[in-house]
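Line order of the protein sequences matches chains A and B. Count along the first sequence from 1, add 6, and you get the number used in the working numbering. Count along the second sequence from 1, add 54, and you get the number used in the working numbering.
If you're looking for bench data, these hints aren't it; they were derived computationally from the structure. What you are looking at is a predicted structure, and each value in this text was computed from that prediction instead of being measured. Here a beta-carbon is modelled for each residue, glycine too, at the ideal position from N, C-alpha and C. Be aware that one or more of the hints could be misleading.
[What the hints assert, rightly or not] Looking from chain B toward chain A, a few residues come up when the C-beta cut is under 8 Å (computed):
1. LYS95
2. SER109
3. PHE160
4. GLY161
[Stated by the list, open to error] In silico contact screen, one side only, chain A against chain B (beta carbon under 8 Å); selected entries:
5. ILE26
6. ALA47
7. GLU48
8. ASN105
9. LYS108
10. GLY112
Letter by letter, the chains look like this.
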Amino acid sequence: DQQVKQNSPSLSVQEGRISILNCDYTNSMFDYFLWYKKYPAEGPTFLISISSIKDKNEDGRFTVFLNKSAKHLSLHIVPSQPGDSAVYFCAASAREAGNNRKLIWGLGTSLAVNP
Amino acid sequence: DTEVTQTPKHLVMGMTNKKSLKCEQHMGHRAMYWYKQKAKKPPELMFVYSYEKLSINESVPSRFSPECPNSSLLNLHLHALQPEDSALYLCASSSTTPADNSPLHFGNGTRLTVT
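Here chain A stands alone, though its shape is the one from the complex (with noise of 0.2 Å):
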């Protein structure tokens, strides 16, 4: 069953619009969160993260917003640009036995960003 789930396999924003993409998970142990970019014939990219004690974390263009009651969050991409298009994931993270974390990954949303 998928802990993290992105129910949106695709996105097509016009550029210098908003890209919101989102990320549900049912883990109420999860308590860190992260954005990974890939784009093909490459290996993901760290884009941003958030604890679970935040709500909102802001680097430049990316925001990730968390709701912990809904058990979702978003990434907004404003302004959104060509360079953009690509698969975002969300995954997850919770504290497990032996101090251990294991990512939990999203199936992905494929990103395109139209001139």
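On the provided structure of chain A, position chain B as indicated by the hints.
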């Protein structure tokens, strides 16, 4: 340019071959990871080395054998693979142990085809 270097970029091997994938990072990171990624799926964790010791093995078949010769190098030895093992193999590193939430830095992967 990624700071995690993986070689080779592409590898085609028969089911009776023995080959190795190599990964190198010079960021002083203390944790290194092997992931496997199939098309249109998120990365799937295989192994984690923390301070050169194997800390996580996700029940990976023994035909995959990891090795961490030192803190900068990570190898994945392959023997008697099956066609279904064909995938993109990603190496990643993080500055501290997986328990500390430091983001993963990925290489661009080795595209493996088993014939």
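Against the structure, the hints:
1. LYS95: Since the shortest Cβ distance to chain A is 7 Å, the answer is holds.
2. SER109: This interface hint holds because 7 Å falls under the 8 Å limit.
3. PHE160: holds (3 Å)
4. GLY161: holds (5 Å)
5. ILE26: Constraint on A/ILE26 not satisfied, violated at 20 Å.
6. ALA47: holds (7 Å)
7. GLU48: holds (5 Å)
8. ASN105: holds (5 Å)
9. LYS108: holds (6 Å)
10. GLY112: For A/GLY112, the interface hint holds, since the closest Cβ of chain B sits about 6 Å away, which is under 8 Å.
In the structure shown, a violation is registered for the earlier hint numbered 5 alone.
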